[in-house]
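Peer 1: Residue numbers (my numbering), protein chains in the order written: chain H, 1 to 307; chain X, 1 to 233.
Heads up, some of the hints might be wrong.
[What the hints assert, rightly or not] As a list, the in silico BS3-like pairs of lysine-lysine whose alpha-carbon atoms are at most 27 Å apart:
(1) X:LYS59 / X:LYS94
(2) X:LYS170 / H:LYS108
(3) H:LYS108 / X:LYS72
(4) H:LYS181 / X:LYS59
(5) X:LYS72 / X:LYS59
(6) X:LYS220 / X:LYS170
(7) H:LYS108 / H:LYS140
(8) X:LYS94 / H:LYS258
(9) X:LYS170 / H:LYS109
(10) H:LYS108 / H:LYS300
(11) X:LYS108 / H:LYS181
(12) X:LYS18 / H:LYS109
(13) H:LYS181 / X:LYS72
(14) H:LYS181 / X:LYS170
(15) X:LYS104 / H:LYS108
(16) X:LYS94 / X:LYS176
If you are wondering where the hints come from, they were derived from the structure by calculation, not from laboratory data.
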Amino acid sequence: MHESVQGKAVPYDTGTMKILFPFLNAIISGVILGAIYAMMSMGLTLIYGVGRMFNFAHGAFIFWGGYFTWFFYSQSHLDYFLSAILGIVILFCFAILVDKFTLSPIRKKPDFGITSVLVTLGLAIVLGNAGDVIFGTRIKTINKIAEGFLRIGDFTITYQDLATIAISVGILLGLEIFLRKTTIGTALRAISQDTVGAQIVGINLDRLFAFTMGLSAALAGISGVLLAPKFFIAPYVGWETLFKAVIIVIFGGLGSVKGTLISAFILGTLEAFVSMYLGMFWVQPMWFILMVGVLFVKPKGLFGEWA
Amino acid sequence: MLEVHQVNAFYGEFHALKDISFLVEEGEVVVFLGANGHGKSTLLKTICGLIPSSTGHIKFHGTTISNLPMHKIVEIGVVYIPEEKHLFPDLTVKENLLLGAYNKRARKERENSYQFVYGLFPRLEERQHQIASTLSGGERQMLAIGRGLMSHARLMAIDEPSVGLAPIVKTEVFHKIIEINQQQGLTIILVEQEVESSLAISRKGFVMKDGRIVLEDESKNLTIDLIQKQYLV
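Input sequences plus hints: build the corresponding full structure.
Peer 2: This is how it looks when you write it as C-alpha cells:
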C-alpha cells in the first residue's frame with residue numbers, strides 16, 4: 001500500500017525522490033553558476049577574439065564593478081540600479097583610456113604577446129592595491145537585488161538567483177544580437193578573422209580595439225555586481241575570478257563566444273555537483289582536471305580556432 | 001589624380017622601392033609588370049597605406065596620402081585588393097560586402113552599391129548567405145573586387161587578380177575590370193603577370209625590376225617580346 005506511516009498519501013516514491021531531489025537542485029545551482037560564469041568570462045573572450053591578448057586585469061575589473069556599486073549604493077545611498085549602471089559606465093570609460101594610453105602604443109610592436117601580459121598584469125596589481133587604499137581592506141557586501149524566494153513544489157529558488165539568470169541571459173543575448181546584426185559587431189568579428197582584411201576595408205582598428213576593451217570591462221563590471229552577493233567583494237576575489245574565467249575561456253576555446261557560453265554552463269554544473277557530493281575544496285581541482293582532459297583530446301578547447 | 005614622387009620603401013633592411021615616380025590620370029587603367037619579388041606588390045601596399053614609405057610623397061587629388069593610416073586612405077577614396085584577398089572567411093558574402101562599405105562616404109550609398117555589385121557579379125547574389133570560405137577561387141576574386149567596389153573608391157589598386165584562376169575565369173575577370181573602369185569611370189592600377197591581357201586592357205604600362213621602374217610607355221607600344229626578352233627572365 002502506498003501509504004506512509006503518518007497515514008498521508010504520498011504521490012511519489014520517496015526512495016527515488018531522495019536521490020532525485022538533490023540531483024535536480026544541483027542542476028539548478030549549476031545553471032545559476034553557469035549564468036554568472038558566462039558573464040564573468042565573456043569579456044575575456046571578446047578581448048582575446050578581437051585583439052589576440054589576455055587581459056589579466058579582467059578580474060580586477062570584475063571586483064571594481066562590485067566596489068563601485070558598494071560605494072554608490074551602500075555609502076552614497078543612491079538607487080541600486082543607478083549605482084550599478086554608474087559603476088559600469090565608469091569601468092567602460094576607464095578601460096577605453098587604459099587601451100588608449102597603455103595598450104595602443106605597444107600593439108603594433110612585434111612582441112605584443114608578452115608586453116600586453118606585463119601591462120595588464122601590472123594594471124591588475126595597481127587596481128587591486130588601489131581598492132585597498134581607497135576603500136580599505138575589509139570585505140564588503142552588497143544587498144541582494146531582490147529578497148525572498150519562489151517555491152515550486154519542493155524546489156525553492158531565490159529571486160536573487162532568478163534575477164541573476166535573467167540579467168545574464170538578457171545581456172548575453174543582447175551581445176549576440178549586437179555581434180551578428182550590427183555593422184560594428186560584424187566589424188569586430190571581421191577583425192578577429194582577418195586583421196589585414198579589416199584594415200583594407202577601412203576599419204579603424206585602434207578605435208575598435210579600445211571599444212572592445214570598454215565593452216569587456218563593462219561586462220566584467222556587470223558580473224561583479226551579480227557576483228557580489230554570492231562571493232563578497234575584496235581584492236583577492238579579483239584573482240580568484242580571473243583564475244576561474246581563464247579556465248572557462250581555455251576550456252571553451254580561446255576567442256569563441258559560443259565555446260565560452262557552453263563551457264561556463266558545463267563548469268558551473270560541475271561545480272554544483274562537486275561541491276554537493278565532494279565538498280567545495282574539490283571544485284577547482286576538478287575544473288583543472290576536466291580542462292586538462294579536454295585539452296588532451298582537443299588542444300584548442302571545445303570550440304577554439306586558435307591554440 | 002595620383003602622383004607618386006620619388007618614393008622609397010623598405011621591408012626591414014630590404015630596400016624594396018627605389019625612387020619610384022609616376023602619374024596616373026583620372027579614369028585610366030595602368031598596369032605594372034615584372035617578375036615576382038621586384039616590388040610591384042610593395043608599391044601597391046605603399047600607395048594604400050599598408051607599408052610606410054620612408055621618403056618621397058604620394059598625392060591623391062592634391063591631398064598627400066603617404067603614411068596616413070589606412071582607414072583614412074580608404075575614406076579619401078583609394079582601395080586595395082590584395083592578391084591574398086584577405087576576405088573574412090566565416091562571414092557571409094553579404095557581410096563581407098557590407099564591411100566593404102564601412103567608411104562613412106560608402107555607408108550612405110550601401111543599398112545602391114549592393115545593386116551594382118550584384119549586377120556585375122550575379123554569382124555573388126546567388127551566394128549572398130553562404131560564408132566566404134565556401135566559395136571557389138573565381139568567386140573569391142569576384143567577392144574581393146566586389147568588396148572593394150562597395151567602398152565607393154575613385155582609385156582601385158588590384159594585385160594579380162588572375163593568379164591561380166582557370167583560363168576561362170581569368171578572361172572573365174579581365175572583362176569585369178574593363179566593365180568597372182568604363183561603367184564607373186573608376187581609375188585602376190593593376191599588377192599582373194599576364195602580360196598580354198593586361199596590356200590589352202590598359203592605357204599605360206610600367207615594367208619594374210629590382211624595385212625600380214625600368215620601362216614605361218603607352219601599352220600599345222609595349223610588346224610582349226620586348227618585355228619578356230629584357231625583363232622577365
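Peer 1: Please list, smallest to largest, the hint numbers that this structure does not respect.
Peer 2: 1, 2, 4, 7, 9, 14
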